[in-house]
Each structure stands twice: as structure tokens, then as C-alpha cells.
Amino acid sequence: MNARVRFLALSSLVMLVALIVASTYWQAWAAPDLANKNDNAIRQISEFTIDRGRILAADGTVLARNRVVHTNNRTYYYRRYPLGALTAAAVGYATQNRSRTGLEHSASDYLTGADQSLAGALKQIGDRLLGSTIHGSDIRLSLNLAAQRVAMNALGANCGAAVAIEPSTGRVLELASKPSYNPNDVESHYGRISNIRAACKSASPLVDRATQGLYPPGSSFKIVTAAAALDSGKFTPESIFHDPGYCTEYGQPVKNFADLGRPEVFGTITLFQAFEHSVNSVFCNVGKALEIHPLMDYARRFGFGVKPPIDLPSNSLQASGLYLHGRLLGANEDWRGDPGRVAFGQDKLLVTPLQMAMVAATVANGGVLMRPHLVDKVIRRDGTVDKITPQEIGRAIKPETAAELTQMMEAVVSGGTGTAAQIAGVRVAGKTGTAENGLGRPNTTWFVAFAPADAPRVAVAVVLENQSGTGGTTAAPIAREIMQAILASTANSNS
Amino acid sequence: MSARTRELLILILVGLITATGFASVYIARQNEISPASLSYAGFFFVLYLIAHVVARFTVPDADSYLLPMAALLTAIGLTEIYRLGPNDALRQGLWVVIGVAAFAGTLIALRHDFRRLESYKYLFGLSALGLLFLPALPKIGHSVNGARLWVRIGSLQFQPGELGKIAMIVFLAAYLHSKQEVLAQGRPKDFGPLLAIWGCAMLVLVATHDLGSALLFFGIFLAILYLATARLLYVGVGLVLFLAGSAGVYETTAHVRDRVTIWLHPWTTQAIPCPGHSILMPRQECASYQLVKSLYSIAAGGFSGTGLGKGTFTLPGGGNLIPDLNTDFIFSALAQELGLVGIAAILLVFMLFTVHGFRIALVAGDGFSKLVCAGLTFGFALQTFIIIGGIVRLIPLTGITLPFISYGGSSVVANFILLAVLMLVSQRANEPA
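Residue numbers (numbering that gives the first Met the number 0), protein chains in the order written: chain D, 0 to 494; chain S, 0 to 432.
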């Protein structure tokens, strides 16, 4: 019987060794991953004993600060957001019972001081052992509060979003999403947030529409199509087209969108004019001539196909590109897109406002795409300041292409579909978009722009849901207001 | 050095470790607890000294490591229970006293020849059934978390299933030993009483939703059957039956399906319907809440742990993060505070205990002793595997106590009786002729 006893003993030991192996997996291998789960209360509670850094706007206004609470002989630091809903889309919230979002999540390492050098880290371990409070660093954002206010007011009761970027650096100047919510309600008045209603089917105030709202771009995507057409050398702004009022795709006519007060059939027309007046049939033919894969390759150069590398949590970002049944198609599935329709921003194409702002910023920056970012500076408790340096993602198009596109976009504002975006004394470049969501459904309207066209300081994208008007009448005025606010404040700070 | 002197020296070492444990809890939480609680360590040491003295008189030549290891495990459990809730520790301390009394009682009662237990085999079989069936009775039965495992008489409550397990092992060992030869021939009628008692036990366990114990009983049954008959075929047939039965239970019982789903997919990214609520939530905030929060606790321990008394188990408002922390989930509390180093050490103690248990089975002179010892030791290891394996997601989670460590009276008492039986067998094998 002893051989069997030995066998049983061996089986028992194997079981117990398996437990040690599994514990090792959880405590060594999987631990960092679990620590970052946003429902991990242990990590969050221990972080609530940290004197979290503040979040400041570009002008130093406090967007998030601590409220100190003493319970059970321990000190906890709860968050307060003095400006409430105004900057909720960027700042997010940090609470105990619910997950964390926005910069409160993605910039947590700065805010809890966990990003420091070795010496700093050792001091922090020491503090932890001694039980003394750990102090995090403040972060100062690139957000321009005046522009943020203008954007939130201008969006008004609409569902939509507006993003503004400084083209030369990628600094995000304004990030607005409507409907918004008050982050101070998240911890204990969550009902107030779930009761928010808006002018769209699902109000979803917690969704940051600027970074994760996916919309058909409509004609605003013609910037990318035109960039591909010019940059590939296949077309010039003077390329001649004949517009019969429609373009034949797979035997079916694709009609022009009837811009208000414009003829529906343009006859013989250049690419420049077709861009200015947003003629779908021309872009349909351009798309067919370029073919889908090269066209989407250009889109990817502008950042499509991946989540934008902005310093917000990855789960609040969406990649722009071709979608089929809610799934982003990879480059190897470009063929599923219909080049004629994709060329003017319909078909399977879905984009985020942030992505369209990046497109405008790239053109404004001479064809070079900069990494969009919100955190400008990290201000440590010992007074040292780390400035976040702008990063180049890469060149999307040649400088000459960018210059030609700028002229075409200027024409849109000076005499085309986007005249509502004109600013006295400033050259504005822009592109309208009015995406159809199907027969009888209201439109999604866009305006994508930058200014001043000769020395760009701001690039902006505005999207509105459920509109009966066009991008030129609904979104362009909002974009104008935002650009004006930014140009006014940067002019002040420069003088 | 005699076996008992070695035992005493190791016990002194365990006493020192216990004192250090309580002292570190006290240092970490001194604004919440009084220094008088440091007397726990002293009290504990005296208690085990008494157990040692009883062992010195009744089983002088028995294995010298088992008692100190049991002491160490109960001390670790008591320290953590004390850290989680000083009031529970007082009650648990009382149960350890009762456990040591049961240990001493068993040693004294059976010191001449424990093998006479063999002739009472049906009594053991029936009392195992009776104990398992007790919680199902009206008035005294009591259910916790959907499983009806408890008996409550006045303010006293315990899980009789733990004692039932010991009785069942004694029955199985005695029955299989007496029928060893005939069983090996495989005549169905010899299996009658065996299958009847064991089948009833399984039925009761499945009916009361005590899946952990059902799994444990099944494993023990197959192990002892294999030991007694040497027929791997029986084990194979048993496993096939087990798989078929599991599939059947899986199909018919929503409770079991939920357990398996939680095991395979504890996290969901989408909000899904939450059983028992009308709202949509991700699974980790609803059905798999306990498992996921416990995994976070284990992961938070990392390599070296937060240190005793410094882990996070409550919300600042005072609510508990992990339900059943000091019973079924005490492992995740220990894992957070002691880290991988501490957990590996504890599991090594479990392994060492198992090795010593099987070694006694190897040297035991007669078949009944071998079967009892190997059965009890295998049960001890399997129970540890079922609960910790469930917590670390090796197998679906089923509620069952961690031997010697979990909070819970019946578990402590049953494990001390197990310890006494192992030492009695060891004494008989080591005795100078």
C-alpha cells in the first residue's frame, strides 16, 4: 500500500505547489495590471491617503483640489472640482466608489508623485513606512479657460463637442463635450448625473464626445481626400472635372449635397472650386481614382486607425477609421470601404472630433502632426518644474501640399460653404461637413478650421448632433467664436 | 533529544513568532486596540504548552513537528482574525481552547489503542450523515450566503460538516479495510453500504449547495478507494462519473453555472444584467465582486506585503471591501499583508504538515491506520487546494474553510481532532517494542 500512499502524497504536494505558483502569478506577474483596474478600491483608497496634487488651467485657475477629511484616525484627501462641469471632459473625476476618469486617471502618477526619480521614489517608500503623508505634484494644463467657457456656452443645449489644438505644439487649448456633468456629483449624487437629459437620444453625459464620440465626418473628410489627391501628385488644385450633379458608384448615382443657395450641378469645375463648394461628385471621382487603400493610408498618416496618443486614459479614446458593425477595420480590410463615398466622408467612415482637430492642426503646421497633449507642466512640491516637451508624431504631407490645402480651405471661408466662420482682420481656413445619417434623420454637422491661415495659432474641430442645418450654418459660427477667444487671449499674452 | 523535547523547542519558536505577529499588529493599529491584547500571544503559548504536556504523557514518541505546525497555523489565523476584528479573535481564541481540549480528549480517550474505532465503523458512517444533515433541519439549521451549512443553538453556531468529514474518513477507512480483499474482486454487492452512505452524503451536500464540501468528499472517497483496492480503474470510473455529474449539475443548476461563469470571466467590459438586481453592471461589480476584490487584495500584497495591520480591507466610511474576509477569504487578507514571501511560507507549512501526515501513513503498521492517516492528510491538502485554488482562480470558487487558519469553531475543532488521530497513529508506529 505504501507505493499508493507515496503517489497520493505526491499528488497532494503537486496541488499545494500549484497554489504557490498561482499566488506568484497574482502577486508578481499580474499585480501591476490589477493595480490599474479602475474598480480596484484598495489602490484607490491607499491613494486617497496621498495628498494629491492639484490640476490647474493654463492661467493657474484651480480645476481640481483636495478636501481633507479625518475619519478613523486617518486623513483622507477627497477631490473637489471648483469649476464643476466646465472642464469635466478633460479633468474627469477621482472617487472612491466609482472608477476614475480623465486626467485624474491618466495623470495619476504625477498627481500622486509616483513618477519621480529614484531618490524621490526612495523617499516615498520611506514616507510610506513611517506612515507620513505622501505629497503629489501639481499639474498645469494647456487648457485656455476663456476658450473653454466660450466653447461650452456656444455648444449650448446641443449634443456635440469642440476641440482646439495649438498646431505647432499639439497643446490642447480647449476640450468641450456636451451634455456635460458636474464631477462633484459623482461620489454621492450619482442620480443627478443619470437624470441628465439632452437633445439627443442617449444623453450619456459621462461620455467625452470630443475623444470617444464617433461620427461620420461628411465633407470635412475632404481635407484628407484632397491632401491625398495633391500629395500623391495625381491631381493639382487646377485639375479639371466635369460635374453632372452626381457620380456613378457601382451603377448607382451619388448625388451632390444641396448646399443652401448653391446650384446642384456645377458643370466643368476645378478641384479647388470643388473643395470650396464641397462638390461630392468630384470627390467621389477623386476617391475612385486614388483607390481606397492609398486614401486610407493618407488618413493613417493624419493619425487615423489608432487611438490618438493624447494624455487621456486609453478607455476614453476611440480610433477613427472604417467601422463595420462597431469594429474598427485594420489596414488589411480597407477593401471593405467604398472609395467614392469614403472620399466625401460617408460609407463606413467614423471619426472623433479630436481626430479632425488633429487633421486641421497638421495642415496648419505645414504637414507635420504633433502629439496632442493636455499636461503642460508638472510642478513638484520642492518647487521644481518639469515642462512637457512637444513631440512630433511625423510628417503627414509635404509642406507644398499643406500650403495648397490652406489656400483651398481659406477659399471655403472667404467665399465657399464656410463664410460664417469669417473673423474680421484674420485669415481663416476651414472646411464644412454635413453628414447624413440616413433618410429622414437629422444631420451631423461639422466645421474644421484653423487661424490665422498665414501663421496658425489654433486649429479647431466642432461637431453637432441632430442638426437640421448644415455645417456652414450651425458649426462654423461656434468654431469662429472659439478661435476668436483663443486669438484674443494669445494676442494679449504676446503683447 | 526526545521527540517531545524537540516539540517543545519548536513550540517556543512558534510562541516567539506569534508574539512578533501580535506586536506588529499592535504597533500598526495602536490607536484602535489596547496593549492588553498583547496577552493573546502569552495565552496562546500557555495553551499549547498544555497540549504539549498532554502529548508528553499520552503519545511520547509521536511526530514532533505536527503540533508546532498546527500551532503556527492557528497563530497566523488568530493574528489575522484579530487584526481584522478584535472581537472575532476573542471568540476564535475560545474555539482554539475547545479545539485543544478536543485534541487532549481524543489523545487521552484513545491512548491505549485507537484501532478500536474500526469496529464502530457504521456508527461513524451514520453520524457523518447525521452531522451533514443537521443544518437541513428546521429551527436549528441556518444558511449563510445561499448555502445551508450552519447549525445555531442559542448563541453558538457551527458547521457540523467539518466534523462529518472526519467521521466519514474513519468510516471509509474502516469499511474499505475490512472489505479490502472482497472489494478488489469488484463484486457489486460489497459496495452496497459504501455507496449508500457516501451517495447520501453527496446528495445532502449538493442539496445544501455546499459544492466545496461535495468536491472534498468526492476526492477523499476516490483517494481512499484507490488506497484500499489499488484499482486505478475505480478512480477512473469515479472521475468519469464526477465529470458526468458535474455536467448534469451545471446544466440544471443556475447557482453552479454562475460559479463557473464567474471563474472563467470575472471581468466584463460591458454592463450586463446583474443577478438579483434590476440594473446593468459590469460583472466585477456584481456577481464576481467578491472574487475580484479578493484578487485585488492578493495583488496589492506584491512581493513582501504591506505588513501586518497595514493592509486595506475597509472603505474610509467603514464598510468592508471583501465579504467573508476572515472565513473563506482569509487567504487574501494574509496575501495582502504578508505578501508572496509570507504566503509561500504558509503554503510550505501546509506542505510540511502534509508530508509528515503521509510519512506517518507510510510507517503505520496496519492497513486501517494507513488508510485513516492517508485519508485525513489527503483531505487536509485537498481542502487547502479547494479553497485557495478557488481564490487564486485555479478552479471555480466554492466556500470552504482554510484548515487551522480560517475563523470558525467547527473547523478548528475538527482539525485538532485530525491532528490528534495523526499523532496517535504516529505514536503506535514509533513506540519502542
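Hints listed in this document are in silico derivations from the structure and should not be mistaken for laboratory results.
The reader is advised that the hints may include incorrect statements.
[What the hints assert, rightly or not] Listed next, the in silico SDA-like pairs over lysine to any residue satisfying Cα-Cα at most 20 Å (straight line): (1) S/Lys309 with D/Val20; (2) S/Lys309 with D/Ala30; (3) D/Lys36 with S/Gly301; (4) D/Lys36 with S/Leu314; (5) D/Lys347 with D/Thr383; (6) D/Lys306 with D/Leu316; (7) S/Lys309 with D/His69; (8) S/Lys309 with D/Thr132; (9) D/Lys200 with S/Ala270; (10) S/Lys309 with D/Asp50; (11) S/Lys178 with D/Asp230; (12) D/Lys36 with S/Glu284; (13) D/Lys347 with D/Pro441; (14) S/Lys188 with S/Gly198; (15) D/Lys36 with D/Asn314; (16) S/Lys309 with D/Lys200; (17) D/Lys36 with S/Thr313; (18) D/Lys36 with S/Thr267; (19) D/Lys36 with S/Cys285.
[To be verified] Partial pick of chain D residues on the chain S-facing surface, computed with a CB cut under 7 Å: (20) Val4; (21) Ala8; (22) Val13; (23) Met14; (24) Ile19; (25) Trp25; (26) Gln26; (27) Leu33; (28) Asn35; (29) Asn39; (30) Ile44; (31) Thr74; (32) Tyr75; (33) Arg79; (34) Ser231; (35) Val425.
Where is the CB? At the ideal position from N, CA and C, for every residue including glycine.
Indices of hints not satisfied (ascending): Violated hints (numbers, rising): 1, 5, 11, 16, 22, 28, 31, 33, 34, 35; every other hint is consistent with the structure.
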